[in-house]
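Chain X is fixed; fit chain Z onto it per the hints.
Residues per chain, in single letters:
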Amino acid sequence: MTNPLAIIGRVFLASLAEIGRLSVFAGTAVSHIARPPLYWRLMLKQMWLIGYNSLPVVGLTALFTGAALAQQIFVGGSRFNAESVVPGVVVIAIVRELGPVLGGLMVAGRVSSAMAAELGTMRVTEQIDALVTLSTDPFKYLVVPRLVAAVLTLPMLVIIANIIGVMGGYVIGTGKLGLNEATYLQVTKDFLEQSDVVSSLVKAAVFGFIIALMGSYHGYNSRGGAQGVGKATTNAVVSAFIAILMANLIITVIVFGG
Amino acid sequence: MTSIPMLDLTDVHKAFGPKQVLKGVDLKVAKGESMVIIGGSGTGKSVTLKCILGMLKPDRGSIKVDGAEIVGMRQSDRREVLTKFGMLFQGAALFDSLPVWENVAFGLIQSKGLNRKDAREIAIEKLRRVGLSPDVGELSPAELSGGMQKRVGLARAIAAEPEIIFFDEPTTGLDPIMADVINDLIVECVKDLGATTLSITHDMASARKIADRIAMLYRGEIIWEGAKTDIDNSGNDYVNQFIHGRAEGPIQMEVLKL
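Chains as they are written, first to last, in this note's numbering: chain X, 1 to 258; chain Z, 1 to 258.
Be aware that one or more of the hints could be misleading.
[Said to hold, decoys possible] With a straight-line cut-off of 25 Å between C-alpha atoms, the simulated SDA-like cross-links for lysine to any residue are:
id: 1; chain 1: Z; residue 1: K19; chain 2: X; residue 2: A14
id: 2; chain 1: Z; residue 1: K57; chain 2: X; residue 2: S31
id: 3; chain 1: Z; residue 1: K57; chain 2: X; residue 2: A14
id: 4; chain 1: Z; residue 1: K112; chain 2: Z; residue 2: M73
id: 5; chain 1: Z; residue 1: K57; chain 2: X; residue 2: S135
[Said to hold, decoys possible] Label pairs and their computed distance ranges (CB to CB):
id: 6; chain 1: Z; residue 1: V187; chain 2: X; residue 2: E18; range: 43 to 53 Å
id: 7; chain 1: X; residue 1: K231; chain 2: Z; residue 2: K23; range: 25 to 35 Å
id: 8; chain 1: X; residue 1: A14; chain 2: Z; residue 2: T172; range: 34 to 44 Å
id: 9; chain 1: X; residue 1: L5; chain 2: Z; residue 2: S140; range: 50 to 60 Å
id: 10; chain 1: Z; residue 1: S140; chain 2: X; residue 2: A226; range: 14 to 24 Å
id: 11; chain 1: X; residue 1: R21; chain 2: Z; residue 2: P18; range: 17 to 27 Å
Hint data in this document are derived by calculation from the structure and do not stem from the laboratory. From a predicted model like this one, the values you see are computed outputs, not experimental measurements. Beta carbons are placed, not taken as given, at the ideal position from N, Cα and C, and that holds for glycine.
Okay, chain X solo, but in the shape it has when bound (with noise of 0.2 Å):
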């Protein structure tokens, strides 16, 4: 009979020697950003896929979400005659967690899958064994492209999915709650703090790592043929959601933990 201590003990060891070759990945790759040569032809290719065709469901997602967050800000601050609080919410909320994550969750459904699934096959085409043959580095050809991409672009989506979340929330508190325009506006921006807009970039920027990482560690490491790039795919987007998780509650506590 099978000792369920041994199949604990096996699980978290091999859950370790996951992270250990996760993090000799990340960190070959970091390191090869530092080294010439830079595929800057392949880095622009890649902030176009991530980012500008990410835009419409990053831009829709914030959207809806800030017109909701308005309107149960309203209900609940009703409660206590506060509707006047939604505004200032509504843009905290959206800034600090709804936006960054978010949006961050969404292009991990959209791009670590992609990644996953393009590496994963190349892979098992030996189309990667083909790039050593011709003398190039598969790392710096394929991962650090998709890394350095992943990392400048999120923020930049953020940025965008933050303005479009909170005039999500101005739309629906000034056409259907019965807000006013220039108040909303005026309170919107009081709320707003400096710090507010870092910690979005940051866990950004994080974010798109992590995105980049499990999209690129997945499909470069698939096996196995076509269930084996499904089962990159699937990995890929499940560890990028919780990776996302986890990161964002680490940075919220170190910049708003007191």
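Using the frame of chain X, we list chain Z on its own:
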């Protein structure tokens, strides 16, 4: 005085966990010689190639390329050695994100630093060399038939005029006529370049056509080696069974009998 072999493998061992794949491979390939390694599936042919290319690190033994030991070589020096190599992969391993001409020109642009215009001209010339018209260069690899993909793979392998070319199952998946066309192209291109070649195959027609010498790998060891003209009189029961494709003989296939 004996000249230094272009490829010199001595006592190469490689295991994956408890499975010992290479058990002391010894092989020498002289400059300008065409060596073909034959053997069934799972005998270690691909692992031998990957060890030479540095994609796998042997557990023990020595691999010398043109006299230089490459086992344990630094990454930057290894990249230098890799510029001597060209390789045709079993499935062609063309980069599906790039048009055909850029696949052929890849090594010229990335490792030789040629500008795109000059590299493109060379790529078109190499495509002509393998019997493909210049307009094929604009197509995506996905638009090509299996035989055309193999030709493009061959054009890519010879584009940078390497000193050593590896052919991994060059005729697998092709009809007999197309397989013969590819074999002829390999012989012609290699003769033009004066390159040393190492091929792995289980297609005896292909081996007889492209080889100067043939070695048979069985259970991780070279069990016979000689000129291709001697293979029919090898006096080795394993070789005889393999080249005649007989089910009966000392080689027992690992198949489940229901």
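Evaluation of the provided hints:
Proximity of Z/K19 to X/A14 is assessed by CA-CA distance (about 21 Å); at most 25 Å being required, the pair is judged to hold. Among the hinted pairs, Z/K57 with X/S31 is consistent with the structure: their alpha-carbon atoms are about 22 Å apart, no more than 25 Å. Restraint check for Z/K57 and X/A14: the C-alpha separation of about 23 Å stays at or below 25 Å, so the hint holds. Distance hint between Z/K112 and Z/M73 is fulfilled; the C-alpha atoms sit about 21 Å from each other, no more than 25 Å.
This hinted pair checks out: Z/K57 and X/S135 have alpha carbons roughly 17 Å apart, not beyond 25 Å. Range check, Z/V187 to X/E18: about 47 Å between beta-carbon atoms, so the 43 to 53 Å window is met. Distance hint for X/K231 and Z/K23: a CB-CB separation of about 32 Å, consistent with the stated range 25 to 35 Å. Between X/A14 and Z/T172 the C-beta distance comes to about 36 Å, which sits within the given range of 34 to 44 Å.
Between X/L5 and Z/S140 the Cβ separation comes to about 54 Å, which falls inside the hinted range of 50 to 60 Å. Our hint of 14 to 24 Å for Z/S140 and X/A226 holds, since their Cβ atoms are close to 20 Å apart. Here the CB-CB span from X/R21 to Z/P18 is close to 21 Å, well matched to the stated 17 to 27 Å.
Violated hints are absent here; each numbered hint is respected by the structure.
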